[in-house]
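A.B. asks: Since chain P is already given, all that's left is putting chain B on it; use the hints.
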Amino acid sequence: RKEVEQDPGPFNVPEGATVAFNCTYSNSASQSFFWYRQDCRKEPKLLMSVYSSGNEDGRFTAQLNRASQYISLLIRDSKLSDSATYLCVVNPGYSSASKIIFGSGTRLSIRP
Amino acid sequence: GAVVSQHPSRVICKSGTSVKIECRSLDFQATTMFWYRQFPKQSLMLMATSNEGSKATYEQGVEKDKFLINHASLTLSTLTVTSAHPEDSSFYICSARALWASGSTDTQYFGPGTRLTVL
Numbered sequence: 064r065k066e067v068e069q070d071p072g073p074f075n076v077p078e079g080a081t082v083a084f085n086c087t088y089s090n091s092a093s094q095s096f097f098w099y100r101q102d103c104r105k106e107p108k109l110l111m112s113v114y115s116s117g118n119e120d121g122r123f124t125a126q127l128n129r130a131s132q133y134i135s136l137l138i139r140d141s142k143l144s145d146s147a148t149y150l151c152v153v154n155p156g157y158s159s160a161s162k163i164i165f166g167s168g169t170r171l172s173i174r175p
Numbered sequence: 337g338a339v340v341s342q343h344p345s346r347v348i349c350k351s352g353t354s355v356k357i358e359c360r361s362l363d364f365q366a367t368t369m370f371w372y373r374q375f376p377k378q379s380l381m382l383m384a385t386s387n388e389g390s391k392a393t394y395e396q397g398v399e400k401d402k403f404l405i406n407h408a409s410l411t412l413s414t415l416t417v418t419s420a421h422p423e424d425s426s427f428y429i430c431s432a433r434a435l436w437a438s439g440s441t442d443t444q445y446f447g448p449g450t451r452l453t454v455l
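Keeping their order, the protein sequence lines are chains P and B.
Take any residue in the first sequence, count from 1 to its spot, add 63: that is its number in this note's numbering.
Take any residue in the second sequence, count from 1 to its spot, add 336: that is its number in this note's numbering.
Calculated directly from the structure, the hints in this document are not laboratory data.
C-beta atoms are modelled at their ideal positions from N, C-alpha and C, and glycine is treated no differently.
It cannot be assumed that every hint is accurate.
Stated by the list, open to error - Reference listing, derived: stretches of chain P covered by chain B, where coverage requires no fewer than 3 residues with Cβ under 8 Å from a Cβ of chain B:
#1 102-108
#2 164-175
As the list claims (entries may be wrong) - Straight-line Cα separation of at most 27 Å, DSSO-like style, residue types lysine-lysine; simulated pairs:
#3 B:K391 x P:K162
#4 P:K65 x P:K162
#5 P:K105 x B:K350
#6 B:K356 x B:K400
#7 B:K400 x P:K162
#8 P:K108 x B:K377
#9 P:K105 x B:K400
#10 P:K142 x B:K377
#11 P:K105 x B:K377
#12 P:K65 x B:K377
#13 P:K142 x P:K108
#14 P:K105 x B:K356
#15 B:K402 x P:K162
#16 B:K391 x B:K356
Here chain P stands alone, though its shape is the one from the complex:
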């Protein structure tokens, strides 16, 4: 089983739609969680951290379910500019040398 698993997609949705991604992780002791966004041929950029209480940033909502070991990202009122690959990232430990683990990414394409 992969340490971090994501549905690779692609998700192809119309502009204005709501889309949700899920990600599961295998290490129950994992400490922190993130969603990154990666545009084609670019580096990943932090979209948002994911907190146990859930957090929202504009049209984006992230949630963490420790009991079921999954995190989710919800995008409301999607825009064309939201088209990208969304990477689920898990940090298994507190140490500065602990290696974050990337999911393989979910491709999202927003159509006009």
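C.D. replies: Relative to the frame of chain P, chain B by itself:
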């Protein structure tokens, strides 16, 4: 936010030559930097973890004699691809972990990447 730079952004070289890629944290100190490689339509693959003042830790399957990593200061790590071959052509990305005064480690900041093409 924290900024990480990478140089060069793109390099094309002949097979057999060596290529050095620099990764700098511009406005913070990074005790740990990471080097990734990404092939087209694939996720990032961690190559090695670089700690300032000590030897890098390489992931399984990554040849340490081929991918030389030096982390000479808290703001600079370099990756040298020695005797590059066409199969080494890839997108190389570094990242730096910001260790805040609070002692917490959190976000990892990525450089813009270096696209290496070996002819």
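A.B. asks: List in ascending order the numbers of the hints, as given earlier, that are violated by the structure.
C.D. replies: none
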